[in-house]
Amino acid sequence: MASAAAAGGYHVLTFSTFPSQIKGGPAWGQARISSEEILTPGDYLDVLVCQNRYAYDANLPDLREGGLVIYNSEEFELPDNSRALGLPADRMAREAGNPLASTIILIGAVAKMAGVSVEALEAFITKRWSRGRPGDEKIVSGNITALQMGVEEAAKTGLQLEDLDPAPTHDRPRIMIRGYEAAAIGAIAGGVEAFIGYPISPATTMLTYMEANLVGKDRFVGQASSEIESITALIGSGYAGKVTMTSTSGPGLSLMGEGLGLAWMAEIPLVVANVQRGGPATGLPTKTEQSDLIVAMNPGHGDMSVPVIAPGSLEEAFWGAIAAINWSERYQGPVLLLSEAAIAERAQDVPMPDLSQVRVERRQVSQGEQGNRRYAGDGVTPFPVPGGAGAYVANGSEHDEQGDTTHLPDIHVTMTNRRFKKLEVLNDGTFEAERTEAETIVLPWGGSKGSARAAWNELTAEGVDIGWCYTMFINPLPADLLTALQGKRVLVPELNYLGQFAAHLRSKGVNAEAITQYTGLPFKVADLKAEIRQRLA
Amino acid sequence: MAKRNPLYDFKWCPGCGDFGVKVALEQALVGRMAERNESIENTVIVAGIGCSGNMVHMMEGPQPFGIHGIHGRALPIAYGIKSARPDLNVVVVAGDGDFLSIGAEHIGPQARRNLDITAVIMDNGIYGLTKGQASPTTEMNVVTSTTRFGKLDDKLNPFLFYLGAGVPYLRSQLSSRVKDLASDIKEAMEYPGFSIVHVQSPCTTYNDTYSLLKGDAKKGIEPLAYPLGDDHNAEDITAAANLVRDRRIPIGMIYRHEGEPVAAHQRLADAKERANIEQASVEQLLTAMTIA
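Note that the protein sequences, when read in sequence, are chains A and B. All residue numbers for the first sequence refer to my numbering, where the first residue is 1 and numbers rise by one. All residue numbers for the second sequence refer to my numbering, where the first residue is 1 and numbers rise by one.
Since the hints were derived computationally from the structure, they do not count as laboratory data. Hints are not guaranteed to be accurate.
In silico EDC-like pairs for lysine to aspartate or glutamate, Cα to Cα no more than 20 Å straight-line [unchecked claim]:
| # | chain 1 | residue 1 | chain 2 | residue 2 |
| --- | --- | --- | --- | --- |
| 1 | A | Lys217 | B | Glu258 |
| 2 | A | Lys217 | B | Asp270 |
| 3 | B | Lys155 | B | Asp87 |
| 4 | B | Lys272 | A | Asp303 |
| 5 | B | Lys214 | B | Asp270 |
| 6 | A | Lys217 | B | Asp208 |
| 7 | B | Lys272 | A | Asp218 |
| 8 | B | Lys179 | B | Glu26 |
| 9 | B | Lys11 | A | Asp303 |
| 10 | A | Lys217 | B | Glu60 |
| 11 | B | Lys272 | A | Glu211 |
| 12 | A | Lys421 | A | Asp303 |
| 13 | A | Lys217 | B | Asp87 |
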């Protein structure tokens with residue numbers, strides 16, 4: 001239905017989640033359809049469709065006042081059907097001539113109640129199942145019959161939501177894309193050559209996308225035996241001159257800590273896409289949270305500060321992946337692309353990215369000009385590639401200019417300074433700023449951008465005087481953003497207990513206070529609005 | 001690089017077996033360069049942590065590229081290098097602690113991939129750089145600073161472990177037999193797959209096994225190490241396994257997988273050739289998602 005609505009010109013956002021089990025157990029998916037740009041999955045349900053009693057009980061609290069329920073009456077019956085419709089969907093599907101069409105029947109009912117164009121759905125069904133196969137015609141006609149049956153049953157009840165506004169028009173072609181696809185294609189646009197990963201929810205999808213799509217002769221995709229193997233193999237690949245990347249989630253990032261320290265120390269470019277889930281240890285593998293910020297910046301022991309880019313939308317996932325590769329190549333070290341389940345697993349319509357804006361950077365390769373003194377100098381220096389000039393030892397122990405181990409105090413100071421000074425070249429991070437003359441500014445990060453923006457839009461429309469700032473360049477932060485925040489009260493909505501970004505901002509001299517939530521779910525706009533109002537009172 | 005680098009302050013103890021391995025590795029590389037007309041920069045030495053890990057700094061003569069990484073991870077680093085650049089000659093140098101304790105989990109995967117690298121293992125049966133703790137190959141009952149009551153764990157049999165993990169090419173040597181070791185390493189580098197040259201490289205400070213390995217007629221010690229005879233069929237894994245089950249240490253070619261090995265990078269190249277798929281452009285990938 002989301003696809004049909006998108007084809008009809010509507011904005012759509014879908015999101016689904018499953019427990020960590022393969023067969024059985026509760027699974028749900030949601031779709032939001034709107035004539036306006038969609039910033040969040042939505043606070044409440046307009047229509048709840050449930051295949052069983054469990055789904056009804058679990059999700060009823062999310063149904064908005066005046067919302068409607070459609071349920072499979074072969075599974076359970078509701079005593080009060082004044083705002084609900086029970087359909088024997090499986091039996092009706094058999095009658096329609098396609099036993100597999102029970103979902104289509106439910107969709108027909110939803111479409112009728114929500115005011116989605118039935119013609120657009122029919123056109124979508126015809127297109128979707130006209131695949132040039134012998135049985136196509138029968139499937140299409142069975143599905144359309146099923147759709148009509150759902151529509152008719154819904155019409156009989158007279159239950160109806162408000163009509164949708166007409167679909168907007170678009171001046172650019174649009175694509176329907178998932179977050180992990182946007183990041184993966186961004187990485188391909190950024191020129192990734194090797195991708196080595198280990199399966200882990202909710203980051204496996206990026207690995208499998210690369211396995212299917214990064215297939216050129218000079219490209220390499222590998223499944224490692226652990227995240228320790230992933231990160232150290234990436235170091236080998238990056239050392240050998242390749243643009244390399246992996247995807248992982250919290251537990252994997254923890255295992256990569258020492259390896260990321262080696263990449264920082266030995267100055268090897270690589271990108272780790274960390275898709276955040278909830279909690280420490282195994283935590284909430286399929287839920288969303290923003291609790292890996294501290295570990296992303298400081299994934300290992302010792303003095304290090306890993307650059308972090310955290311996309312807040314699907315478009316930013318695409319552009320952020322390119323930026324992450326460019327940063328890693330430019331400063332010659334590891335970069336964290338910090339995503340989260342709610343971004344990676346979301347599907348949404350976005351305008352086709354303007355590929356003429358893609359800029360790809362590559363490390364400066366040594367031509368032997370510095371001999372074997374690879375680590376000589378104050379900042380970024382040319383990178384020797386094996387097979388070429390400038391043989392040296394890439395060393396995770398403290399080392400001198402040619403990479404030989406040393407413990408001399410002066411050299412540890414010089415080299416530590418060198419590694420931090422390299423971060424100065426990452427000075428092109430951009431940021432959003434609106435109404436910054438206000439005393440208080442809302443500054444979300446990552447996937448909380450959408451909910452925070454929706455809350456900010458509504459609050460300012462209601463006359464609340466509050467500013468807006470946002471950046472996906474979390475570390476190092478854009479210098480001008482820090483300047484803009486001086487003397488302001490900064491409210492930071494983020495999905496963790498500690499208030500990690502707020503703490504980071506305070507360490508940079510910003511008067512930041514966190515608005516936290518740690519349910520494993522995204523912010524509801526209404527909750528954020530209420531909390532911001534309370535903080536302002 | 002160490003010899004001409006006054007800043008580098010590490011030393012192996014006098015008499016350390018690793019000196020012999022160093023010279024053998026240098027000779028093997030020089031021999032390979034001459035034979036194949038290949039530049040030294042085409043070789044990468046990947047080291048872990050420990051006395052063995054300093055090999056990469058100690059090497060003299062023509063200087064290859066090197067990585068001195070983190071403890072136990074030389075093999076996966078080598079996996080990354082070789083998957084990125086199959087044309088490079090990649091040699092892992094590691095000790096028994098680095099390779100068989102913290103890094104043991106990486107042996108099976110590289111063996112099964114048949115990653116085309118050579119691992120030169122310096123087995124001294126002890127953690128030397130941390131000053132004498134028990135390693136997997138320390139004999140049972142030996143008292144060390146971490147085995148107060150004598151080592152309670154059985155000694156790991158590295159050869160059986162390698163064979164069980166699927167290592168397709170396995171040689172055993174003594175660090176004191178430099179010339180033979182040089183030729184072993186050079187030959188192992190020619191093998192199109194995962195090769196291990198396991199070297200008994202005694203620690204004169206914490207676990208001096210020279211007389212045990214070579215024997216001492218005056219003290220009535222029979223040599224633990226013995227040369228493999230021509231009667232051993234190295235392509236017979238059962239024969240190899242039976243051979244190494246003995247407490248004594250055979251020196252020579254223990255096992256070589258029969259047939260023509262296909263290295264990891266070649267398997268991938270062949271699979272891509274068969275699949276015959278093109279890399280889609282970014283524009284194609286995005287356009288496929290266009291909303292109709």
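Evaluated hints:
A threshold of 20 Å between alpha carbons decides the hint, and for Lys217 (chain A) with Glu258 (chain B) the separation of about 29 Å lies outside it, so the pair is violated. Our distance criterion of 20 Å between C-alpha atoms is met by Lys217 (chain A) and Asp270 (chain B), whose separation comes to about 10 Å. Only pairs whose Cα atoms come within 20 Å are accepted, and Lys155 (chain B) paired with Asp87 (chain B) is rejected, the gap being roughly 38 Å. Taking the CA atoms of Lys272 (chain B) and Asp303 (chain A), the gap is about 43 Å. The hint is violated against a cut of 20 Å.
In summary, the hint linking Lys214 (chain B) to Asp270 (chain B) is not supported, as the alpha carbons are separated by about 47 Å, beyond the 20 Å threshold. Between Lys217 (chain A) and Asp208 (chain B) the alpha-carbon distance is near 50 Å, which puts this suggested pair outside the 20 Å criterion. For the suggested pair Lys272 (chain B) and Asp218 (chain A), the alpha carbons sit about 10 Å apart, so the restraint of at most 20 Å is met. The hinted pair formed by Lys179 (chain B) and Glu26 (chain B) meets the criterion: a straight-line CA distance of about 11 Å does not exceed 20 Å.
With a C-alpha separation of about 27 Å, the suggested pairing of Lys11 (chain B) with Asp303 (chain A) is violated against the 20 Å cut-off. Using a Cα cut-off of 20 Å, the hinted pair Lys217 (chain A) and Glu60 (chain B) is violated, with the two alpha carbons roughly 37 Å apart. The straight-line distance between the Cα atoms of Lys272 (chain B) and Glu211 (chain A) is roughly 12 Å, inside the 20 Å bound, and the hint therefore holds. Pair hint Lys421 (chain A) plus Asp303 (chain A) holds up; C-alpha atoms about 13 Å apart against a cutoff of 20 Å.
Taking the CA atoms of Lys217 (chain A) and Asp87 (chain B), the gap is near 14 Å; set against the 20 Å cutoff, the hint holds.
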